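A.B. asks: What follows is each chain in one-letter form.
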Amino acid sequence: MAQLTFREAVAAALEQEMARDESVVLLGEDVGSGGVFKTTAGLKDRFGAARVWDTPISEQAIAGAAMGAAAAGLRPVAEIMFSDFYATCWDQIANEIAKACYMTGGQLTMPLVVRGTNGGGLGFGAQHSQSVENWAMCIPGIKIVSPSTPDDMWGLLAASIRDDEPVLVFEHKALFGTKAERPTGDHLVGLGEAARRRAGDDVTLVGLARTVGMCEQAADALGGDGVTADVLDLRCLVPLDAAAVLASARRTGRVVIVEENPGQLGWGAGVAAILAEEAFDDLRAPIVRVSGGNVPLPVAAAMEAEVTPSAEKVAAAARGLLEGRIPAATTARA
Amino acid sequence: MLRIRQFETKLDVLYRQGRVRGPAHLGLGQEAIAVGVAAALGPGDASLGTYRGHAHALARGASEEAVLRELLGRVGGVCGGKGGSMHITSVEHGYYGSYAIVGGHIPTAVGMAWASRIRGDGGVTACFFGDGTTNIGAFHEAVNLAAVWKLPAVFVCENNHYMEYTPIGDVIPVERPAADRAPAYGLEPLVVDGNDVAAVREVARAAVERARRGDGPTLVEATTYRLTGHSVADGGAYRHPDEVSAARARDPLVRLATDLARSGEMTVDQSEALVARVKGEMDALAAHVLAEPAPDAAAAWTGMWSDGSSTWRN
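Protein chains in written order, with our numbering: chain B, 2 to 335; chain V, 779 to 1092.
It should be emphasised that the hints constitute simulated quantities derived from the structure, not laboratory data. In this text the structure is predicted, and so the values were computed from the model without any measurement. Treat the hints loosely; a few may be bogus.
[Stated by the list, open to error] Subject to a maximum C-alpha distance of 30 angstroms in a straight line, what follows is the list of computed DSSO-like cross-link-like pairs (lysine-lysine):
| # | chain 1 | residue 1 | chain 2 | residue 2 |
| --- | --- | --- | --- | --- |
| 1 | B | K180 | B | K45 |
| 2 | B | K39 | V | K928 |
| 3 | B | K180 | B | K39 |
| 4 | B | K45 | V | K928 |
With the rest of the complex left out, here is chain V (with noise of 0.2 angstroms):
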């Protein structure tokens, strides 16, 4: 989690001195969710994320060097220079891709549940989307197949509260976003504090479990906060102050490190030990990265197809 934290927010940094290109969407604060999750799936589960999906990628074990040299667009990125930042996938790790199409990537993640209900192997497929995904029909049909088929599906809204600039207050007629529209597909309501990272594990393990065993798809609202803009290039302006400080207070991070103080397991000075540790690293990392090479560009008209070639025509 603290190594999310400090990757992007040293991208942040990069993007602001215009080493980044294209957008890019941080998860600052909404880290627990990707981690949380992706310690309750095994090596043979899927996951797919949304364009905000650096976090889950890594969290699945990504390399985090793969990774920056595709949002710096250095050669040896993880898609090969051809995704970016919105489209982070990681299939040795089990991440199936980012998708930058709100609610396009469900069903995506519903048909790899349903190969696993056919194959029988015991595969649990969890999908990660925004607040503001909960509006769009593509959720609705996805969520809908995967109860009436009773796949092995953990679908995992991430609520931070924002549909990019809009309250989602402002654009849903219920108070919850995925926990209120679950009874229409037969789901129980289930609402978890996200930026608690155990108390993600725990839900998410419940719901892996349940998947595993046959008993179909959960659906999980997990609340958070985007303690950043919808993207690099958003102040975020249309938030008060004070509803951002307040949700500062409430930082996965600071309340992970706290709980640990209190605990025992890790003093005040070690955690920012390890933190400072964890930031010279990146920093070490993006100075490494940004000495590579761009990739050849030639290799834009490669890969359309699966046999590494694009030819349309003879």
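Next up, chain B with everything else stripped away, as it sits in the complex (with noise of 0.2 angstroms):
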């Protein structure tokens, strides 16, 4: 079978979304030639540039121009190259793309999609490696897509370019070089359904993107002791699917969800708000979260792995769980 890496994936689901609809364009810096991470590549020969559009370094001109763009019934993909960088631009994000349909009362609409990397765990430091789905899930607006697997990668960001409303698609940069059998066809993978990545029935796993693999680590290894663990891949934050989230929660009694970003004030905060808001009396112990630590990403291999979460983090939170005592491993309590 044909193989495809998350890399590929990206490019894949521009270029079956750019044969399909002409009015999906893309602009960002370097795209033209692939980009850093080549999640462009072969773009631009063959759509063109009138398709394929490189920008100066412009964060604000590059968000606002897709927002224009999509004002004008485009539907324009924006890539900004590491997500850190949103924080150059987020007067665009924040204020305009994400408020624009509700305060014209419904006259402008945002079809578009903002892309780019995400996350942690090569290296790349305080200002390229953050996990910055948090900062989106402020803002009311704007879609969340943050894919775990090559094939979620394609279809969900497909998916994203053919919905009606501004999404933020977050690509974690530790995922590029993953693999998985590459789907058939067109691909498409709805937003706001999350995936069941392992079924059991002791304890609840949620991750998100790059987490999403450590909660099935974790959930390996617990099947060790005997202990069956539900890990769920939200694939999106905006809209959420909490209905699979409580249902596994009730399910289960014992949640752990699983964050990169510091747990000051993660997504998981959000969820776990909703688990105890209305899923409190099915619940068997205490929510708990493995954030990342609550400090600024160090360069060095080993410190940049004490601050993130991981499969052993994950395992020894739901194994306290299991064990009745409130886990102590969290890097949120760091």
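Hints given; two lone chains; assemble the complex.
C.D. replies: Pasting the structure below:
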């Protein structure tokens, strides 16, 4: 069977949608040459300079141009090379794009995608490694997609481009080399539906992007103890498949949420609040989050690992819950 | 121009009566820029403005009643009660919105011009902003990109000489906030008397034609003066009374009436009668709108997404 990397899945989704709909146009820094991570490789050759636009280093202009093009009825896909750089164009994302439809009484719509790399694990340091889905989750009016597999990277990105709302798509740079069987034909994965990656009855592990793999490994390790874990891959934070998390939590009674962003206000806090408010009576243990540390990400490998979630930390947290104690291993407490 | 003047003059009164919720930023004295540029735009063209945007919406043909309903918090507002003074939008008239983050809308305007270039639809996008905006990064990124991509955009700096309460000269290292920055983007420095509606129209027509020809953007600096404070809450006490009275003498409406009288197109009596008639119409419009009900509060929960819903989770 043909294989597909997470990296190739980005270009596959873009190619699929650009071939299908000529209103899909790309812009970003170096996208014409394939980009720093080669996620747009080959697209300018196939679709030409009128569809793939190289920009200056101007994130405000990039995000704003996407907004204007969307207002004019195109379906732009803007690349922000590293998600840390959202900080340089947050006005366009948070104040303009997210609010345009609502504050104009529906006169403007924003069928656009802003995509780019996200997350740590490669030693890129404090300004090129952050997981910032939680920044966006504070802002009503933006959909948030963060895939964990090549299959989802393709299908969710394609669906995001077809979506009539603004979608931020986060591509975890530590996953680019991961491989899976290549989907055949047109591929689409609808937004807002969590995926069950492992089925189990004793504890629910909730992950997103890279932490899904950690949850799967933790589930495998727990299996050696005779414990079965339900692993949920949220895939999207908005729309959030809260129903899937609540259903699993009600069944297992124990939940570990694994988020790469700093725990002091991660997306997991929002998920935990939903569980506390809506499934409290069914929980048999406190909700625990395994989060990134509340420090900027350091570069030295051992230090970065120290403040990043891992399968071991997830398994330790789950074992703690199963043993009836509040686990101390979560980095959010560091 | 007269209708916009009387609309905003009435709005000023309504604000002082406590009828307008939130801030309102009037453009009294600056109307010739909005009107002159709008006269150069066609129905397929777009324009975007700022929180001082009533004139820009009305000049494109937005309904006075729908705008006033929005400003007075009545049902049927042009943004359904969700936008208010600072976000007046009328897409059906080509006015793609008023934005209240200084400079935040200029990249958006560039994106609209980019879409016109991609489609080859001949559309031009005009973008209004103030002199203070020339100090924010989004302005520079946007104008640079438009120049690099030769986009059909017309950037119009309304230089009213004040960045909110601060004289613009105190916060720029050049004399002219937009014109002196233009060469940095390969654009001609261009200044027009923004209180001369005919001159503005002429400059705007040339810029629109240039954009439509595919020759790229133009950055116009239109000099003017804000006859009132930064917002209706600001008395403008930081300005010398002599400066304000000198500016009143250059009022674009006074100037137009004088020119029309001189050319014989409209006598002083006729123009005074016209002012009285429009004032009466605005009084009647306000009375009519004030009698209307408020929008349904539950509508606040709708319309975050394009399908009208606001649901973020199941």
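A.B. asks: Now tell me, hint by hint, if it's right for this structure.
C.D. replies: Checked hints:
no.	hint	verdict
1	B:K180 x B:K45	holds (24 angstroms)
2	B:K39 x V:K928	holds (28 angstroms)
3	B:K180 x B:K39	holds (15 angstroms)
4	B:K45 x V:K928	holds (20 angstroms)
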